[in-house]
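Enquirer: The chain contents come next:
2 protein chains.
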Amino acid sequence: MRITFLLFTMVLTACQSTKPRPDDVPTASNQTPGEVVAATTAADWRVIDPDNTLYLSLPGGRVVIELYPEMAPIHVANTRALVRAGVFDNTSFYRVLDGFVAQGGPLFESEAEQPALADGAYEIAAEFTRQRALPDRYLGFDQQDGYAGETGFLDSAAVGRDLDSGESWLLHCYGALAMGRTNEPDSGGVALYIINGPAQRYLDRNTTVFGRVIDGMAHVQALHRTADLTGALDPGEHNVIQAITVAADVPVEQRIQLQVLDSASPLFQNYLAARKNRSGDWFIHQHDHIDACGVPIPTRIQAD
Amino acid sequence: MRITFLLFTMVLTACQSTKPRPDDVPTASNQTPGEVVAATTAADWRVIDPDNTLYLSLPGGRVVIELYPEMAPIHVANTRALVRAGVFDNTSFYRVLDGFVAQGGPLFESEAEQPALADGAYEIAAEFTRQRALPDRYLGFDQQDGYAGETGFLDSAAVGRDLDSGESWLLHCYGALAMGRTNEPDSGGVALYIINGPAQRYLDRNTTVFGRVIDGMAHVQALHRTADLTGALDPGEHNVIQAITVAADVPVEQRIQLQVLDSASPLFQNYLAARKNRSGDWFIHQHDHIDACGVPIPTRIQAD
Chain A
2 MRITFLLFTM VLTACQSTKP RPDDVPTASN QTPGEVVAAT TAADWRVIDP
52 DNTLYLSLPG GRVVIELYPE MAPIHVANTR ALVRAGVFDN TSFYRVLDGF
102 VAQGGPLFES EAEQPALADG AYEIAAEFTR QRALPDRYLG FDQQDGYAGE
152 TGFLDSAAVG RDLDSGESWL LHCYGALAMG RTNEPDSGGV ALYIINGPAQ
202 RYLDRNTTVF GRVIDGMAHV QALHRTADLT GALDPGEHNV IQAITVAADV
252 PVEQRIQLQV LDSASPLFQN YLAARKNRSG DWFIHQHDHI DACGVPIPTR
302 IQAD
Chain B
2 MRITFLLFTM VLTACQSTKP RPDDVPTASN QTPGEVVAAT TAADWRVIDP
52 DNTLYLSLPG GRVVIELYPE MAPIHVANTR ALVRAGVFDN TSFYRVLDGF
102 VAQGGPLFES EAEQPALADG AYEIAAEFTR QRALPDRYLG FDQQDGYAGE
152 TGFLDSAAVG RDLDSGESWL LHCYGALAMG RTNEPDSGGV ALYIINGPAQ
202 RYLDRNTTVF GRVIDGMAHV QALHRTADLT GALDPGEHNV IQAITVAADV
252 PVEQRIQLQV LDSASPLFQN YLAARKNRSG DWFIHQHDHI DACGVPIPTR
302 IQAD
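Residue numbers (this note's numbering), protein chains in the order written: chain A, 2 to 305; chain B, 2 to 305.
Please note that the accuracy of each hint is not assured.
[Claimed, not checked] With beta-carbon atoms standing in for the labels, derived distance ranges:
{"id": "1", "chain 1": "B", "residue 1": "His239", "chain 2": "A", "residue 2": "Gln258", "range": "26 to 36 angstroms"}
{"id": "2", "chain 1": "A", "residue 1": "Gln303", "chain 2": "B", "residue 2": "His286", "range": "37 to 47 angstroms"}
{"id": "3", "chain 1": "A", "residue 1": "Gln303", "chain 2": "B", "residue 2": "Ala249", "range": "47 to 57 angstroms"}
{"id": "4", "chain 1": "B", "residue 1": "Arg63", "chain 2": "A", "residue 2": "Gly150", "range": "42 to 52 angstroms"}
{"id": "5", "chain 1": "B", "residue 1": "Leu164", "chain 2": "A", "residue 2": "Thr42", "range": "36 to 46 angstroms"}
Because the hints were derived from the structure by calculation, they are not lab data.
Note that beta-carbon positions come from the ideal geometry of N, C-alpha and C, so glycine has one too.
Let the sequences and hints guide you as you build the complete structure.
Expert: Here is the structure:
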C-alpha cells in the first residue's frame, strides 16, 4: 500500500528533524508547532473572560467569539448591551459571500423597531485604531508586511502597528469579527460581519474589528451563500441566527470550557518561531517568515 | 431607518470618489474594482480550456477547477488521466480541517485496487517550482511579500517568483488545488487538497500546487469537518466525491460557460491598481499594497 492515510498529516505532525539545520536559517526552536503545543503546561493556557465571550448560536452549532475591549471598548460594550437586549436573537446572516464575509444581525424596517438603549447604540463611534500604547502583554513579532510596520498578537487577536505613530489595529484575518458601516465612519452598531475566507487586510483601519471566532468557524462556513451583493437570500435558505449570548450570562455548567494558548506565554513565542521556520523531515523549503493572519491560535477544552 | 440594507455593499460597489485624491497615493486608476470590471469588453475575458478544467461533483453542487499545465505539467497530465480512469469517482474528502485544507481522493487498501495506468501514476515527480522563465502573458506585479520576491498572476493563478533565480511557483491561496505527499517529495498522485481558509503560504515550494477553484468554493466549505488530524469521519458525515470529470469530456451543452477576467488583459492591471488603493467615498485608509492571495479573480457566465 503506497497511498497512506497519513499523507498530509505530515505537515502538522512531522517528527522532529534529525537533519542538521542550515546556519543561515534563524530559529528559536527545532520543534514543530505541534511539539511546542504538546510541551505546554497549564500556565501557558488562558481562560477567556466570560464577559468578553459571545456564543453565536447557529443551526449547525455554537460559535465562540472572543471580544477585545482594549482595542474597541465602545464596540464591545455596545455589542454586549445589544446582545443582552436580545437584539440579535432570531435575526439572520443576510449577506454571505464566499471567500469574503458573512454579515448578519437585525434588519430594522424603522427606528421604532430598534430597542431603546443608551444613546448611540445604533450609530457608535468608529474605533478603527487604538492610539494609546498597547498593553504590556502585547507580543510584537518584528514581522512587517505590506499592510503594517509590525504585526503581533494580543490575546487571540492578530494586531498591526505603525512603528512611527504607535497606532495599532486588529487585522481582518480569517474569523475576525468586525462592524459594517455606511460611508460615515460613526455609523456602525448592529451589522456584524465575520471574515470567512482569505484575509481582507485592505479593510484594516477602515472598519472596527473587535472580536474573533476562536471555535466553531465550520458552522459559519456552513451558512448558505447569498446569491449576490444585494444580499438577497434564496427562499428557504434563510441563515437564522438563533441567538447571541454573553458567556457570563450562561450557567457555568453550560459554558464551553475553552482555553486559548496565551500569547503572553513564552511558549507562544516558541510556537511562532516554529511556524516561521518549519522543522521536521517533511518540510523542504523554510521561509523565515510568518503571515500573522496565517497563524492559527491553538485552543483546547479545559482539562480539569 | 438608519440601518440600511446596503451597509457593507459600499466596500464593493462604492460610487466613484468625488474627493480629491492625495498626491502621495499612487494609483493607475480612480476606479473601484467593480467599476474596472464593469468597463471590460469581451476581449478582456478568457474562456478556460476545457481540457484544463475539472468539474468536482459534490452533493452541494459543482466545483469548477482550472488546471495549470505550464506550472505543473506532470501533475496536470497525471490527474487528467486518473480522472478519466474514474479513480476519483465515489471517493471522499476524508480529511477536512477548518481554516486549513479539505483533502480527498481514493484510499486504496492495497496496490491491487489501483487501476493500472502509466508508470508512476501514484508516485509522480514533485513540481514544487518551475525553473524556466514564465510565459510572456505572466503579469508580475512588483509586489513582494515575506514569502516571495515578486508576486504576480498567470491566468487565474497567483504566482510567486524568486527574482535572483527566476524560479516561480503557485501560491497556496484560498481555493488552491495541490497534491499531498509523504516525506518523500515524489510521492504524490491522488491525495488532492484544497485550501479552505487563510492562505497557507508556508506550504509554498513544499508541495505541488497545480490548480485553483474558480467557481463553487461554497460547496467545498459545506463539507463536514473531520474530527481530528487522523482523518476519522464521524459516521453519517461521509463527504462523498460523486465524480471528477474533465470538462472537455462533458457534452458542450452541459458545461458551465464560465469566463475569467484575463490576467494578460490591460484591464486586469487596472483591476489590481484599483484594489491596491481603493477609491470611493467609503474607504478612509488606503494601503498602497495588495496581497496576491487576497485578490479575487473575477468570473462571469458567458454572455453569448
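Enquirer: Which of the listed hints are not met by the structure?
Expert: Nothing - there is no hint that the structure violates, so all of them hold.
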